[in-house]
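Per our numbering, the sequence shown runs over residues 1 to 327.
Every clue listed holds true.
Keeping only pairs whose Cα atoms sit at most 30 Å apart, straight-line, the calculated DSSO-like set for lysine-lysine is:
| hint | residue 1 | residue 2 |
| --- | --- | --- |
| 1 | 28 | 107 |
| 2 | 100 | 28 |
| 3 | 107 | 52 |
| 4 | 77 | 52 |
| 5 | 28 | 52 |
| 6 | 83 | 100 |
| 7 | 52 | 239 |
| 8 | 52 | 100 |
| 9 | 241 | 52 |
| 10 | 28 | 83 |
| 11 | 28 | 109 |
| 12 | 52 | 160 |
| 13 | 28 | 241 |
| 14 | 241 | 196 |
| 15 | 98 | 83 |
| 16 | 80 | 107 |
| 17 | 83 | 52 |
| 18 | 28 | 98 |
| 19 | 98 | 77 |
| 20 | 239 | 160 |
| 21 | 196 | 239 |
| 22 | 98 | 109 |
| 23 | 80 | 109 |
| 24 | 98 | 52 |
| 25 | 187 | 239 |
| 26 | 107 | 77 |
| 27 | 77 | 28 |
| 28 | 241 | 187 |
| 29 | 194 | 241 |
Now the in silico label distances, taken between C-beta atoms and shown as ranges:
| hint | residue 1 | residue 2 | range |
| --- | --- | --- | --- |
| 30 | 321 | 106 | 48 to 58 Å |
| 31 | 76 | 309 | 50 to 60 Å |
| 32 | 73 | 174 | 51 to 61 Å |
I should point out that these hints are in silico values taken from the structure, not numbers from a laboratory. Glycine residues also receive a C-beta, built at the ideal position from the N, C-alpha and C atoms.
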Amino acid sequence: MTEPQRDITYILHWGDLTSTVRMLAAAKTIRDAFRRDRIILLTTPDYESFLKHCPWFNAIETDACPDTRPMVGLRDKRIKLAKPVRVFDLVGSADSRKIKGNFRFSKCKWFDIAARAEGAGHPVDAMAGALNDALGQGPTFYPLGGAPSPDASWVDFLAKQSRMLDPEYFGLNGPFALLAPAGESVKPALRWPKEKWAALAHELLQSGITPALIGGPDTRDVGRHVSQVAPGARDLTGKAKLPQLAGLARRTNFVFSEDTPLIHLLTAAGAPALALYGNTDDPAPIAPRGSAPVILMHAVTLAQVTPEEAIAAMRFAGGFDRAPAAA
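Assemble the whole structure, with the sequences as input and the hints as a guide.
Here it is, written out as structure tokens:
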């Protein structure tokens, strides 16, 4: 007996890491609504290594924004030949609207979700309300923090298949905290001084918790400084890929970070976090979201925040008492 053909649903999304992580909340809602569909994510190659493991997509196509005109035609022809039943546009850009133009005489249902995700409030809450409105289900408005958070806990399945997501793979044994400083491209006033990161690492070591510095290549200077000044701290900057960082976030006691895209991934994986914000009156509408508490601290100049204050805030949030998820 042959399996009946499944309806095809396309999700269009591309952007930075922050918006990609936020997109996971909408993707889960779409998967829950269309469990039997073949759901295809049209995106760019930037985060394919992470997204390809997400259980809410059956396939990922990475030519969302091809550089050459002939490739645009091939992409659009492929999508049209797939005969999707519905398309969810989570981008709302000129590129996605060009794709929409190819379906103007089609029976395909097109949902412009991103166009209604702008305005006051948190993007996750706004998009969740717009998506529910399009689907005819659930609340069409969420107060700040009311919508389901992005969820990357599915990396647990990947962790069972590969020890490269284990803390031990990175030399982390026992309780540890993830420290995610901003890179050198960020203005100094919006970065915590590396001396403060080193002092924080020292305090954590005194509490029996190993600090692990994570981030991209532009954070290596902070990672080297902290590991030299606070012997026992682990410098993992530039050494871990996104799936590995999500796996570590599942096992960490808590996360310290500035306003970085990476903290959105770490909190979506389920880690409690403290996020440092500068030059903003209210960081709540742009804050990372996850299943665990996220403490927001902000100051005009981040150097005003002391390591002692940061640790006290995380103690209040219960991070020191947390039992991390097991792989």
